[in-house]
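Last residue of the sequence shown: 408 (my numbering), numbering continuous.
Keep in mind the hints are simulated off the structure, nothing from the lab.
You may find that some hints are simply not true.
DSSO-like mimics (lysine-lysine), calculated; alpha carbons at most 30 Å apart, straight line [stated by the list, open to error]:
1. K259 x K374
2. K86 x K26
3. K115 x K73
4. K324 x K358
5. K199 x K219
6. K372 x K385
7. K372 x K324
8. K139 x K199
9. K113 x K198
10. K358 x K385
11. K58 x K139
12. K26 x K109
13. K121 x K152
14. K109 x K199
15. K251 x K199
16. K113 x K152
17. K152 x K103
18. K139 x K103
19. K309 x K323
20. K372 x K358
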Amino acid sequence: MPFAAKFDEIHALLKDICISCRIECKRADDVFQQRPILENILNGICRSEIIIADLSGKNANVFYEIGIAHSLKDENSIILISRNIKDVPFDLRHLPCILYNTKNLTALKVALKNKIMACRKSVQIDGFLRNYLRNNDLKDTIISTFINTSRKKSESLHEALVSLLNQKTQYINYTNEVIRDLFIHLTILEEYNSNILKKVVELLKVNIFSCDYVLDNHKDIVLECLKKSSHNLITLDNPDEFMLIANICFKLIKRNRFKDEALKWIRDYLYNYRMGRIDIVRARIEHFLVDCNDDDINNYIIDMLTDEKISVRESAADICGQKKLYKAENHLISMLDIETNAHAARSCITALARLNSKKSSTIIYKWMMNNKDKWGKIAVSNSLKQIAITALKTLSADDQFYSDLENA
């Protein structure tokens with residue numbers, strides 16, 4: 001507010017309100033220091049939780065300070081008041097502003113106290129979300145855009161998502177409808193302004209829909225999401241959706257929640273994989289399974305070696321080799337013994353070489369000799385011959401094995 005005697009009564013009232021809200025109230029001219037007053041004002045804006053600006057009288061300095069405040073602070077930390085709506089510039093009238101009458105300051109006191117409490121709640125909520133997103137390496141500009149856009153779209157859903165992230169579930173009781181609406185809310189935000197919020201939304205969807213509260217109280221929504229996505233796997237035409245579901249499955253497996261359902265979705269995805277295409281989701285799944293040190297997961301991977309689908313067997317063999325799953329050695333040998341597909345056989349041979357499986361050299365040689373049509377002049381897999389030769393040089397004590405392949 002302007003520094004003038006006619007505003008002293010309002011200033012005193014603001015102090016009383018702040019004290020009742022357990023907030024320390026300061027005005028720039030309250031602080032007597034050697035620094036210029038503008039420097040005091042700038043420091044005050046930066047350090048303040050709540051900023052109250054009185055626009056009465058159209059004071060140029062006040063408008064200048066509001067501009068600084070909006071560039072440095074969250075919108076919800078700034079409260080505008082004025083004696084007359086005409087004193088509020090046109091380009092600020094879209095913002096909430098408390099109008100007051102000096103003859104009825106009681107009304108101002110009630111309205112302002114309620115506003116301060118609401119703003120403090122918003123600042124705390126958004127402060128938590130800002131720190132949460134910063135810890136996930138997201139830029140401040142993107143974070144601010146997300147927070148402001150989310151709150152404007154739906155304040156209640158915005159606060160719901162923060163409550164779920166904050167794990168303060170003892171204070172909440174959301175219905176299925178709210179959880180579904182929150183998913184829709186985030187999907188709408190994902191499409192905002194050419195998808196600039198996509199990374200934020202993907203992170204929040206994964207962490208919200210794998211949190212304890214949702215899994216304990218709304219597991220049907222999560223399982224329905226997996227089931228619905230499985231139906232769409234036939235076309236594999238929405239990589240963003242599948243990457244989201246894959247990441248949710250990874251979280252479920254890590255947290256040992258609905259592990260069977262998550263593994264089934266992963267297997268279904270690999271089952272529907274189509275050859276001859278770059279698939280970042282499949283690569284991400286294989287990377288996760290390689291890094292996952294879990295006996296249930298390892299047994300599941302071994303079981304996949306006998307799957308009827310070539311793409312599943314191929315992925316399973318690749319994973320066994322990359323993570324050096326030694327307990328899979330005999331299973332890989334059994335798989336190769338009856339394998340009819342060149343690509344799956346190549347993955348199997350590569351895995352056995354990585355496991356340094358000396359006892360597999362005979363079966364590798366036998367398979368190659370019995371399947372020359374798959375690596376000969378009209379090769380199904382151009383790299384199969386060289387992979388087998390390299391493997392036999394490492395695994396076999398019999399030079400005849402790999403020399404036969406080299407000369408074939």
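Against the structure, the hints:
Restraint check for K259 and K374: the C-alpha separation of about 38 Å exceeds 30 Å, so the hint is violated. A C-alpha spacing of about 27 Å is found between K86 and K26, which places the hinted pair at or below 30 Å, so the restraint holds. Restraint check for K115 and K73: the C-alpha separation of about 17 Å stays at or below 30 Å, so the hint holds. Between K324 and K358, the direct Cα distance comes to roughly 14 Å. Compliance with the 30 Å bound is thereby established for this hinted pair.
Straight-line distance between C-alpha atoms of K199 and K219 comes to about 25 Å, which keeps the hinted pair within the 30 Å bound. Among the hinted pairs, K372 with K385 is consistent with the structure: their alpha-carbon atoms are about 9 Å apart, no more than 30 Å. Note on K372 and K324: the hinted pairing holds, with a Cα-Cα distance of about 28 Å set against a maximum of 30 Å. Pair hint K139 plus K199 holds up; C-alpha atoms about 11 Å apart against a cutoff of 30 Å.
Restraint check for K113 and K198: the C-alpha separation of about 37 Å exceeds 30 Å, so the hint is violated. Between K358 and K385, the direct Cα distance comes to roughly 18 Å. Compliance with the 30 Å bound is thereby established for this hinted pair. As the CA atoms of K58 and K139 are separated by approximately 35 Å, the hinted pair breaks the 30 Å bound. For the suggested pair K26 and K109, the alpha carbons sit about 17 Å apart, so the restraint of at most 30 Å is met.
For the proposed pair K121 and K152, the alpha carbon gap of about 16 Å is at most 30 Å, so the pair holds. The hinted pair formed by K109 and K199 fails the criterion: a straight-line CA distance of about 42 Å is larger than 30 Å. A distance of roughly 17 Å separates the Cα atoms of K251 and K199; the hinted pair therefore holds under the 30 Å criterion. For a cut-off of 30 Å, the pair hint linking K113 to K152 stands: about 22 Å separates their Cα positions.
At most 30 Å may separate the alpha-carbon atoms for a hinted pair to count; K152 and K103 exceed this at roughly 34 Å. With a C-alpha separation of about 47 Å, the suggested pair K139 and K103 falls outside the 30 Å cut-off, and the hint is violated. Under the criterion of a C-alpha separation no larger than 30 Å, the hint pairing K309 with K323 is consistent with the structure, at around 22 Å. A threshold of 30 Å between alpha carbons decides the hint, and for K372 with K358 the separation of about 22 Å falls inside it, so the pair holds.
Hint compliance for this structure: hints 1, 9, 11, 14, 17, 18 are not met, and every other hint is.
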